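Protein chains: 2
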Amino acid sequence: MKIVAKRLPLYTGGPDIVVMGKEHAAELDLHPMDRVHVTNPNNQSKSLTAYLHFWHEANPVLGVFANTFDKLEIEDGETVSIFPAPKPSSIAHIINKMNRMQLSEKQIFEIIRDIVDNKLTDLEIASFITSIYMGGTTLDEATYLSKAIAKTGDTLSFDADIIADKHCSGSVPGNRTTPIVVPVIAALGITIPKSSSRSITSPAGTADVMEVFCQVSFDKDEIKKIVSKTNGCIIWGGGLRIAPADSKLISVRKPLKADPEGLLMSSILSKKYAMGATHVILDIPLGLETRYKNIGEARLLERETIMIANRLGMKAKVVITDGDEPIGSGIGPVLEAIDVLKVLRNDDDAPSDLRKKALLVGGKLLELIGLEKFDFEGNGADLMSSVLSSGKAYEKFKQIIEAQKGDPEVTVEQLRKRLSEHTFDIEADSFGMIYDIQNPVVAKVARMAGAPQNSGCGIYFHYKFQDAVSAGDVLATVYCGNPDKLRRTKRTLESNKMIFIK
Amino acid sequence: MKIVAKRLPLYTGGPDIVVMGKEHAAELDLHPMDRVHVTNPNNQSKSLTAYLHFWHEANPVLGVFANTFDKLEIEDGETVSIFPAPKPSSIAHIINKMNRMQLSEKQIFEIIRDIVDNKLTDLEIASFITSIYMGGTTLDEATYLSKAIAKTGDTLSFDADIIADKHCSGSVPGNRTTPIVVPVIAALGITIPKSSSRSITSPAGTADVMEVFCQVSFDKDEIKKIVSKTNGCIIWGGGLRIAPADSKLISVRKPLKADPEGLLMSSILSKKYAMGATHVILDIPLGLETRYKNIGEARLLERETIMIANRLGMKAKVVITDGDEPIGSGIGPVLEAIDVLKVLRNDDDAPSDLRKKALLVGGKLLELIGLEKFDFEGNGADLMSSVLSSGKAYEKFKQIIEAQKGDPEVTVEQLRKRLSEHTFDIEADSFGMIYDIQNPVVAKVARMAGAPQNSGCGIYFHYKFQDAVSAGDVLATVYCGNPDKLRRTKRTLESNKMIFIK
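Respectively, the protein sequence lines represent chains A and B.
For the first sequence, my numbering assigns the number 1 to the initial residue and increments by one for each residue that follows.
For the second sequence, my numbering assigns the number 1 to the initial residue and increments by one for each residue that follows.
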C-alpha cells in the first residue's frame, strides 16, 4: 500500500513505530503491534520493519516516529510503501534451539542478522536468550555467535601481524588500566587499537575517562590514521558500528539478568574479532560483588574463552585479579584521568595499586605476544615497568592524545580545575584499619554525586584498603554536581556504609 | 513527579505508553522504553505501568496514548503522578524457573498477577514461556498456573452441585457441537453455563455462530439470571473478564509457536475453573492439520489433564475424535447456525455428522456426570439422542435464545436470507469419490470470502467426505462479501485445492 508519511514528534530510543488508521490497516489485515515493512520508494535500501500503532480517530496518513522517520530518510509528506512484514525465517531457528537442537553457523548468522535488522521483536530475542541460557551452547555455537555478532557490524583491519587487545569483565570502580597498558604496548612497537565503552551502570567507563583528555568518537578511516601514526588508540566503540547486535542482546538480557556464558563470551570475543585482534588478554576480577565470585567459575570461563578464541584465530589468556576493593584513588572521569596521568608521569603520589594492576595485565599480554620479540630479560610486568619508568609510555600517551585531537601537555593541576566545587568529606568515626571499601556503594555514591554525566564528579579516597586511620581523619572527599545532589548523596551515605574500619 | 497529562490520538491495542520530554525524564533518571508507574491522583486505584517514549522536541506535558488515557480515567489537562516503576518481584521467580527450580503456588500467582497488571514486559513473559517450554511444569505447577489464571480474573459461581462444561481443542471447521450439547444437558436439569470464544483464525467461533441467534455479551449478573431461568447459556467469554492472563499469554506464545503443555492445559482448565465447573468434557480432534497429530500425544494430554483437573476439584474426561474433515454442511456463522437449527429441529436434511459428533461429546459428558441420575437405560449418546428426538432440546434452545434476547422462533428460511448474494459454485472435475476435504484450505477460503466478520459468508458443502460424485456436480457454494472478495477467493482456489476426488 502507498501512503503519505508524516513525521511525529515522538521517539522510542529503540523500536521503530508507525501509526496507521484502522481502515487502512483492515485492508492489509493488520492489527495493533503487528510488524510492517516500510520502504522509501526512492531508495529501496532504506527500508525497515516497524511496529504498528493505530490512530485513535480516522486519519489517512502514516504517522512515523522521529527515530523511524530519520532512518527512512524521507521528507515530510512523501509517499512510502507499507505491507505486512513477512515472518523472518530465523524464528524457526529459535524454535529449534528451544527444542534443544544444535544450530548451524548459517542459522546463527540469520538470527543475529535479523536482530540487527530489527526483524525480531524483543519477545523473540528474549526467547532466544532464554533458550541459550537453559539449553547451553556448544563451543561451535559460541564461535558462530561471536563471528555473527562481529560480521553483522563494522570490522577493522590493520597492516600488522600482531594486533593486541584487552578486555576487563568489570565491576571494579577506578580499574583504569587501559590508558596505561595501551601506551606501553604501543611504545614497544605493537599495534593496539583499543575500543572501549562508556559507563552504563558504573561511575565511569574507559571512554568517559579518555574523553577528559581528548576526543573518543572516530570513524573507521580516522582510527586507521591514528593507529598508523601512533600504533595505538583508545576510542569509544559506540562511535563505530562494532558488534551492533551485542547492544541489542544486552538490552534484552539486562531486565532478565540472564547472561548465558555462551553469549557473554561471544559478546567479548566478537568485539575483539571485529577489531582484527590476534592476541587478547582478559582481566577477570574476582570478588564478592563482581560477576565472577569464585575461582572455579573463572577457571571454567578461562578454559572456554581460550578455546573459542582459538577457533576464531586469536590467542587469548585470562588473568584473574582481586576485585573486592576499588583501584586507584579517584572514582569518576576526571579523578580517574588524574590517577592515570600520575602513573604515566611516574609522579610520587601516583596510586601504586593502579600501576601494579596495569603492570600485571599488560605484562601478561606481553608474555602472550612473546617476550623474545622485545630483547628483554625478565617477565612481562618487568618490561611494562621499565617502559613506564623510562617515560616512553608517557610520550606515547601524549602522541595518542594529540592524534585524538586533545591537548598532550595537559597537567594534573589543569585537570583538578575541572573538578566540581560542591564537595563534602567523609571522616573516620573511629581508630583502626580500613578492612573493606564496598564497591557497590562506591559506584552508587559516585553516580548519585553526578558521575559520569558530570565528569568532574566522583569520590577521591585519601586512604585505602588496609590503611590505618584515626577518628576524624578525612577518608574520602565526594565531588557533587550541585548542592541538591550533594544533599542527596549525603543522605544515601547515611543508610549505605561505604568504608569499614576495625 | 507531578505532570500535566495530554491525551494523544494514538493507541496500541495492548501495551500502555506515555511520552515525556528528555529533561523531565533525566530528572527521574529514565530512558526511552523504561517502565513508569502513572497514577490518577484523584483515584489511586487507577494506576498502571506504562512504557516511556520521548518527545523529540522539548515538551513539558506528559503525552498519554488513548488506550492508556482511558484506563487512567483522567481528564485532558489533568495532573498525574509519574515515577520509575519498581522492578516486579516476579522477575526473580521467572529467573528461578530459568534455573530449573520448581515454583511455589505463591510465586506462580505473583507472575500471573503481574502479567495481568501489565507489570511484566513481553520479553519477560516470553522468557517465562520459554522457561516453561524447556524446563517443563510439574503437575503441581500446572495446577497452580490454572488457579492463578482463573483467580486473577472474574470467577462465577452457580447454585448447583453439578456444573457441566465442555471444551474443544479446535482446528476443525464447522465443528459446532456446543449449541446442540448445551440445550440437551440443560433440558436434563443440569447447569451448564458455557462461555465460548469468537474466531481468531477460523471461519467462525461458537460465539460468532450463537450471535446469529441472539446476544452473546453479558455481565456476571446477567449470566446468573439467564442460567437460573434456563439452566444453560452460550455466551462470549471475552465479554467477561474470565482468565485475562490467558489472552496475554497467548499473544506472546503465538509468534513463538511455543505452546508448552503445562500452559496449554492451564489455559483450558483455568476457564472451566473460573466458571465453577465440576464436570468437564474435552473434545480433542486428531488429524493431519489439528494441534494433536497422533494418539500418543493425545493420550498423554488426556492423562495429565485429568490429573490436573482432579487437583482443581473437577472431574474431567477426554474424547478423542476424528479431525481430518470439516463437520456439518455449512462453514461460516450463518451457515453453521442453519446446521445447528436443523439438528435441533430434527429436520430431514440435518447434517448427520454434526448430530453424531454432538451425541458422542455430549454423551460422554453425561456419562461423566453419571447416567444413574437420569433414570435412563442405555449409554450417554442414546440419552442425548432421545432428548434431541423428543424436541425437548429444541425447546430448551429456544428458551436460551429468548433469555439471551434473541428471536426463539427464527426459522431456517429466515436465516437463509441473511446469506450473502455474491456466490459461486465449485464443480467436480471428474467422476469419483471425495476422499479428502482440506481443512486449512476450507478455513482460508471461508475467511477470504468474508467470514466471520460478515456472518453471511462462508462455504456450503453439497457433498461431503466419501460421497460419490460425477463430473460437473456442484460440490460446494461459496458465499462472498462482495464482488472483489469473490474474485480473490476464486483466485485462491486456483492455487489451493480444497476437495479431492479419486
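I should point out that these hints are in silico values taken from the structure, not numbers from a laboratory.
Errors might be hidden in some of the hints.
Same chains, same label: a pair holds when it works inside one copy or across any pair of copies.
As the list claims (entries may be wrong) - With a straight-line cut-off of 27 Å between C-alpha atoms, the simulated DSSO-like cross-links for lysine-lysine are: (1) K71 with K22; (2) K6 with K220; (3) K22 with K6; (4) K6 with K254; (5) K497 with K87; (6) K87 with K248; (7) K87 with K254; (8) K257 with K225; (9) K254 with K342; (10) K398 with K46; (11) K502 with K373; (12) K46 with K497.
All figures in this text were calculated on a predicted structure; none of them were measured in a lab.
A quick look at each hint next to the structure:
1. K71 with K22: Classified as both: same-chain Cα gap 25 Å, cross-chain 20 Å, threshold 27 Å.
2. K6 with K220: neither (34 Å within a copy, 44 Å between copies)
3. K22 with K6: both (17 Å within a copy, 22 Å between copies)
4. K6 with K254: Neither. Shortest intra-copy (34 Å) and inter-copy (31 Å) distances fail the 27 Å Cα cut-off.
5. K497 with K87: between (52 Å within a copy, 24 Å between copies)
6. K87 with K248: both (19 Å within a copy, 20 Å between copies)
7. K87 with K254: both (26 Å within a copy, 12 Å between copies)
8. K257 with K225: Neither: 39 Å inside a copy, 50 Å across copies.
9. K254 with K342: Neither: 36 Å inside a copy, 59 Å across copies.
10. K398 with K46: neither (42 Å within a copy, 60 Å between copies)
11. K502 with K373: Result: close neither inside a copy nor across copies, 48 Å intra and 81 Å inter.
12. K46 with K497: The answer is neither: 53 Å in one copy and 38 Å across copies each exceed 27 Å.
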